[in-house]
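For the record, the sequence lines run as chains A and B.
Under the numbering used here, the residues of the first sequence are numbered -8 to 103, in order.
Under the numbering used here, the residues of the second sequence are numbered 6 to 117, in order.
In short, the hints are calculated from the structure, not lab data.
Don't be surprised by glycine CBs; every beta carbon is placed ideally from N, CA and C.
Careful: at least some of the hints might be erroneous.
As the list claims (entries may be wrong) - The calculated label-pair distances, taken between Cβ atoms and stated as ranges, are:
1. A:66 x B:17: 39 to 49 angstroms
2. A:87 x B:19: 36 to 46 angstroms
3. B:89 x A:60: 39 to 49 angstroms
4. A:-2 x B:22: 37 to 47 angstroms
5. B:25 x A:99: 42 to 52 angstroms
Unchecked claim - Only pairs whose alpha carbons sit at most 20 angstroms apart, straight line, appear in this in silico EDC-like list of lysine to aspartate or glutamate:
6. A:61 x A:45
7. B:54 x B:71
8. B:74 x B:21
9. A:44 x B:102
10. B:54 x A:45
11. A:48 x A:64
12. B:83 x B:69
13. A:61 x A:87
14. A:48 x B:102
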Amino acid sequence: DAGITQSPRHKVTETGTPVTLRCHQTENHRYMYWYRQDPGHGLRLIHYSYGVKDTDKGEVSDGYSVSRSKTEDFLLTLESATSSQTSVYFCAISRDSNYGYTFGSGTRLTVV
Amino acid sequence: AQSVTQLDSQVPVFEEAPVELRCNYSSSVSVYLFWYVQYPNQGLQLLLKYLSGSTLVESINGFEAEFNKSQTSFHLRKPSVHISDTAEYFCAVSSNDYKLSFGAGTTVTVRA
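All chains should be modelled from the sequences, with the hints used to inform the complete structure.
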């Protein structure tokens, strides 16, 4: 979707290194989310934000941190990447729960 | 948080045949219900949603879903599928807490 972009699209990193994924939106939506997608698990919420500098944990937040210093940017950081964090990461934005989410194209992260 | 169960992980179907994808969720006072579709190597796209009102909702490409409160279900149907409907389908539920909970997904493979 043109209103939300994720970078990078693909990344290979080594175990133990820090990694930051970026989500950028041009829709001025209040809510932003990071999910990971793994076979058999669907999408699981890592962290979400309900405003600038307002973030909270999702169901699989261990090993991840986030920051949102501007409305348009939501960063996901893996402090010390592990092989279990190999996944496809999706960012999503929402005006509110009535509208559902708009998803980015995803970042495929491989930790070797 | 809501839990969402998609009862079929894989659904093979022949072109022009009908298909039904089943979704059940844990009960709550009020919920918003969504179906998303994910084509290969893409992000998720909103297919249809139920917020209130008529229990039968339709999408522009021939899918429909029916909200059944007593059975806590939101099954997705299409009377005649096309090859282009081959994709993964996700049911999602929100309890007005601005977070979506997703099912594990159902992969639909349409064969000629």
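Here is what the structure says about each hint:
Distance hint check for residue 66 of chain A and residue 17 of chain B: the Cβ-Cβ separation is about 40 angstroms, which falls inside the suggested range of 39 to 49 angstroms. Between residue 87 of chain A and residue 19 of chain B the CB atoms are about 40 angstroms apart, so this pair conforms to the stated range of 36 to 46 angstroms. At about 41 angstroms, the beta-carbon gap between residue 89 of chain B and residue 60 of chain A stays in the expected band of 39 to 49 angstroms. Under the hint 37 to 47 angstroms, the C-beta atoms of residue -2 of chain A and residue 22 of chain B, about 41 angstroms apart, fit the expected range.
Between residue 25 of chain B and residue 99 of chain A the beta carbons are some 31 angstroms apart, a value that contradicts the proposed interval 42 to 52 angstroms. The straight-line distance between the Cα atoms of residue 61 of chain A and residue 45 of chain A is roughly 11 angstroms, inside the 20 angstroms bound, and the hint therefore holds. Restraint check: the Cα-Cα separation between residue 54 of chain B and residue 71 of chain B comes to about 10 angstroms, which is no more than 20 angstroms; the hinted pair holds. For a cut-off of 20 angstroms, the pair hint linking residue 74 of chain B to residue 21 of chain B is broken: about 30 angstroms separates their Cα positions.
Restraint check for residue 44 of chain A and residue 102 of chain B: satisfied, since their Cα atoms lie roughly 18 angstroms apart, inside the 20 angstroms limit. Proximity of residue 54 of chain B to residue 45 of chain A is assessed by CA-CA distance (about 27 angstroms); at most 20 angstroms being required, the pair is judged violated. Taking the CA atoms of residue 48 of chain A and residue 64 of chain A, the gap is near 17 angstroms; set against the 20 angstroms cutoff, the hint holds. For the given pair, residue 83 of chain B sits about 6 angstroms from residue 69 of chain B by alpha-carbon distance, which is consistent with the 20 angstroms threshold.
Annotation: proposed proximity of residue 61 of chain A to residue 87 of chain A holds, straight-line Cα distance about 18 angstroms (limit 20 angstroms). Simply put, residue 48 of chain A and residue 102 of chain B have alpha-carbon atoms about 13 angstroms apart, close enough for the 20 angstroms limit, and the pair holds.
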